[in-house]
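Novice: Going by this note's numbering, the first residue of the sequence shown is number 12, and it counts up by one from there.
Think of the hints as simulated: they come from the structure by calculation, not from any bench. Source: prediction; values computed, not measured. Careful: at least some of the hints might be erroneous.
What the hints assert, rightly or not - Using 30 Å as the maximum straight-line C-alpha spacing, the simulated DSBU-like pairs for lysine-lysine come out as follows:
1) 350 <-> 364
2) 352 <-> 364
3) 364 <-> 64
4) 345 <-> 364
5) 160 <-> 264
6) 345 <-> 357
7) 349 <-> 364
8) 302 <-> 264
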Amino acid sequence: MLYDLNIAWSPSTSAAELERTLRFSAALGYNVVALNHTITPPVPPQVANPLPKFPPSPAGPASSSSTTPDQTPNKQPKLPTVLHRATLVLNDPSAYHRLPQLGSSYDVVAVRPTTEREFQGACLNLNLTDASLISLDLAQRFPFHFRPKPCMAAVNRGLRFEVCYAQGLSSSVPGDAANDARARAAFIGNVVELVRATRGRGIVISSGARGALALRAPADVVNLLALWGLGSEKGMEGLGVLPRGVVVNEGIKRSGFRGVVDIVGTAEREKGEREDKAVGKGKAAAGEAAKEKQEKGVDNNDKNGNGENKRKIGEEEDGGGGGPEGDDNKPMSKRQAKKMKAAIRKAQNAEAKTT
Numbered sequence: 012m013l014y015d016l017n018i019a020w021s022p023s024t025s026a027a028e029l030e031r032t033l034r035f036s037a038a039l040g041y042n043v044v045a046l047n048h049t050i051t052p053p054v055p056p057q058v059a060n061p062l063p064k065f066p067p068s069p070a071g072p073a074s075s076s077s078t079t080p081d082q083t084p085n086k087q088p089k090l091p092t093v094l095h096r097a098t099l100v101l102n103d104p105s106a107y108h109r110l111p112q113l114g115s116s117y118d119v120v121a122v123r124p125t126t127e128r129e130f131q132g133a134c135l136n137l138n139l140t141d142a143s144l145i146s147l148d149l150a151q152r153f154p155f156h157f158r159p160k161p162c163m164a165a166v167n168r169g170l171r172f173e174v175c176y177a178q179g180l181s182s183s184v185p186g187d188a189a190n191d192a193r194a195r196a197a198f199i200g201n202v203v204e205l206v207r208a209t210r211g212r213g214i215v216i217s218s219g220a221r222g223a224l225a226l227r228a229p230a231d232v233v234n235l236l237a238l239w240g241l242g243s244e245k246g247m248e249g250l251g252v253l254p255r256g257v258v259v260n261e262g263i264k265r266s267g268f269r270g271v272v273d274i275v276g277t278a279e280r281e282k283g284e285r286e287d288k289a290v291g292k293g294k295a296a297a298g299e300a301a302k303e304k305q306e307k308g309v310d311n312n313d314k315n316g317n318g319e320n321k322r323k324i325g326e327e328e329d330g331g332g333g334g335p336e337g338d339d340n341k342p343m344s345k346r347q348a349k350k351m352k353a354a355i356r357k358a359q360n361a362e363a364k365t366t
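All chains, full assembly: derive it from the sequences and hints.
Specialist: Right, dumping it as structure tokens:
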């Protein structure tokens with residue numbers, strides 16, 4: 012599955028234009044997209060989600076904040092799975108306390124640091140239960156550099172950096188060629204520096220598109236970022252594996268225990284499987300009973316055999332068996348035969364001495 016976790020939305024975005032963008036994104040091959048609402052401090056005490064709701068996609072999981080309005084015509088491309096995302100601009104340390112409130116209203120929460128102090132704090136101290144995505148406006152020049160130590164520390168902690176390729180395609184001021192050139196130059200330089208600082212790890216690729224014309228196919232995006240140092244394999248991970256991990260982790264934080272343990276409902280066994288399991292248990296119980304019965308029989312036979320041996324030994328000592336003192340019908344034991352032969356030999360020797 013392919014993900015685009017940043018489709019820009021503002022209150023001025025029309026419903027028709029937004030729907031056209033979503034359908035074109037699905038036509039390009041993206042399965043899950045996120046509508047991004049950028050919030051600047053101060054955050055109100057009561058956070059409301061103004062993003063529009065769309066019907067869940069039948070081919071993918073539904074978002075936690077989606078509903079089912081009237082169905083669209085079948086001739087049009089299907090809508091992808093739509094998530095709701097909030098990006099909080101960090102220019103004040105007090106804004107961190109509002110992140111849990113955003114998490115209860117949105118599916119994905121990201122932060123956008125604007126100063127070196129806030130960038131260092133997001134990389135080293137940002138609580139993963141509040142946000143797991145660092146989104147930077149790479150089309151502007153930063154007064155600081157992306158150093159490997161804080162960037163790799165953030166990646167090792169589970170944070171992800173977002174690169175929005177639409178920032179390098181056009182500036183925020185339409186028709187301004189000078190701004191476009193400066194924005195592209197700043198974007199390319201920042202992307203190269205970020206890839207070098209993170210060694211290409213933990214980079215999520217999104218569009219940041221404000222309309223359908225800013226969207227690009229996944230293969231084009233991977234080839235474009237490969238020119239700036241991000242390998243093809245890392246590029247495909249940035250469109251699939253890494254954003255999926257962000258979405259799954261954000262879902263676990265809202266439904267699991269302390270954002271770590273999630274209880275998933277297990278499927279029930281079918282009727283045939285349950286019957287086979289019951290039959291197997293019955294056979295196993297019958298086999299164990301037969302085994303115990305056999306062991307008891309062996310013990311009884313051993314006891315009876317020991318008694319018979321004792322009786323035979325007693326009879327032999329008492330002179331039972333074949334011979335003049337015993338019963339003629341009973342066979343003579345070997346012990347009695349040896350005694351008899353020894354007595355006969357002794358008698359013959361005594362006669363020989365007397366003669």
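Novice: Each hint should be assessed against the structure and marked as holding or not.
Specialist: A quick look at each hint next to the structure:
1. Among the hinted pairs, residue 350 with residue 364 is consistent with the structure: their alpha-carbon atoms are about 21 Å apart, no more than 30 Å.
2. Under the criterion of a C-alpha separation no larger than 30 Å, the hint pairing residue 352 with residue 364 is consistent with the structure, at around 19 Å.
3. A threshold of 30 Å between alpha carbons decides the hint, and for residue 364 with residue 64 the separation of about 129 Å lies outside it, so the pair is violated.
4. A hinted pair counts as satisfied when its Cα atoms are at most 30 Å apart, and residue 345 with residue 364 qualifies at roughly 29 Å.
5. Straight-line distance between C-alpha atoms of residue 160 and residue 264 comes to about 27 Å, which keeps the hinted pair within the 30 Å bound.
6. Only pairs whose Cα atoms come within 30 Å are accepted, and residue 345 paired with residue 357 is accepted, the gap being roughly 18 Å.
7. The hinted pair formed by residue 349 and residue 364 meets the criterion: a straight-line CA distance of about 23 Å does not exceed 30 Å.
8. Simply put, residue 302 and residue 264 have alpha-carbon atoms about 52 Å apart, too far for the 30 Å limit, and the pair is violated.
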